[in-house]
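Generate the whole structure from the sequences, applying the supplied hints.
Start counting the sequence shown at 273; every next residue gets the next number (the numbering used here).
No wet-lab data here; the hints were simulated from the structure.
For every residue, glycine included, the Cβ atom is placed at its ideal position computed from N, Cα and C.
None of the hints are false.
Simulated pairs of lysine-lysine, DSSO-like, Cα-Cα distance not exceeding 30 Å:
{"no.": "1", "residue 1": "K475", "residue 2": "K360"}
{"no.": "2", "residue 1": "K448", "residue 2": "K477"}
{"no.": "3", "residue 1": "K350", "residue 2": "K448"}
{"no.": "4", "residue 1": "K327", "residue 2": "K448"}
{"no.": "5", "residue 1": "K327", "residue 2": "K468"}
{"no.": "6", "residue 1": "K360", "residue 2": "K477"}
{"no.": "7", "residue 1": "K475", "residue 2": "K327"}
{"no.": "8", "residue 1": "K360", "residue 2": "K350"}
{"no.": "9", "residue 1": "K327", "residue 2": "K477"}
{"no.": "10", "residue 1": "K280", "residue 2": "K448"}
{"no.": "11", "residue 1": "K477", "residue 2": "K415"}
{"no.": "12", "residue 1": "K415", "residue 2": "K448"}
Derived CB-CB ranges, DEER-like:
{"no.": "13", "residue 1": "H376", "residue 2": "S422", "range": "27 to 35 Å"}
{"no.": "14", "residue 1": "N428", "residue 2": "L278", "range": "44 to 52 Å"}
{"no.": "15", "residue 1": "R491", "residue 2": "N383", "range": "44 to 52 Å"}
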Amino acid sequence: MLDLLLEKHCVSQELSEEDIREQVNLFLIAGHETLGTTISWALFLLGHHPEVQAKIHDEIDRVFGDDFDRPVTEDDFKDLQYLECVLKELSTYTSKYSLISVQHRYYNEINKSDGYPIPKGAACIIFAYSLHRDEDVFPDPEKFDPDRFSPENSVNIPEFAYIPFSAGPRNCIGYKFAEMELRVILSCIMRNFTVKSLDPMDKVKPILNIGIHSNAEIRIRISSRSVPKPA
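Listed below in structure tokens is the structure:
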């Protein structure tokens, strides 16, 4: 990617050095740092919910059996439905996969909201962390409950009540890639290990900024697991 960007600067002069820096920052910060933070939160929450972890293990074992080394394929995703529910519930708990807690847009024309006029150029701030804690849509929002995203329950969630990657023409450019990364990484970890969180949930709390980080170290104990081979 960097070679392509440099070519656009050195050869065709389509991009300035500032343009290149902005693109690199986007992919490094928005595309990788946030993924690592999300996985840390996922392991912390799973370490506090062994019943959820057990369901993930059961599903993964049905898909992969005792083969701990086979690469995850795109065809496997359709069979990892409970893992998908876990990832979506993680979005409501930590605001979104990419962990950007605030989204904003500018109005390019005069508009109204609930009868109140909104001038052109006004900023609209969307606080996803609060949106995903709307009790009318997500009852008991502080509870980590992947079943709220089961097929029979998710039909009750309005379209724009759940926006882990924003929405509309300016949504996250890499959301499909991020979803695939999370499924692959977490399925590989859970295929091989069990996790247990070492600190209570009231000690490790989210800190709201542009992203959502923890106020303390996330400490977990990782143990190897084995799946009994069929007789």
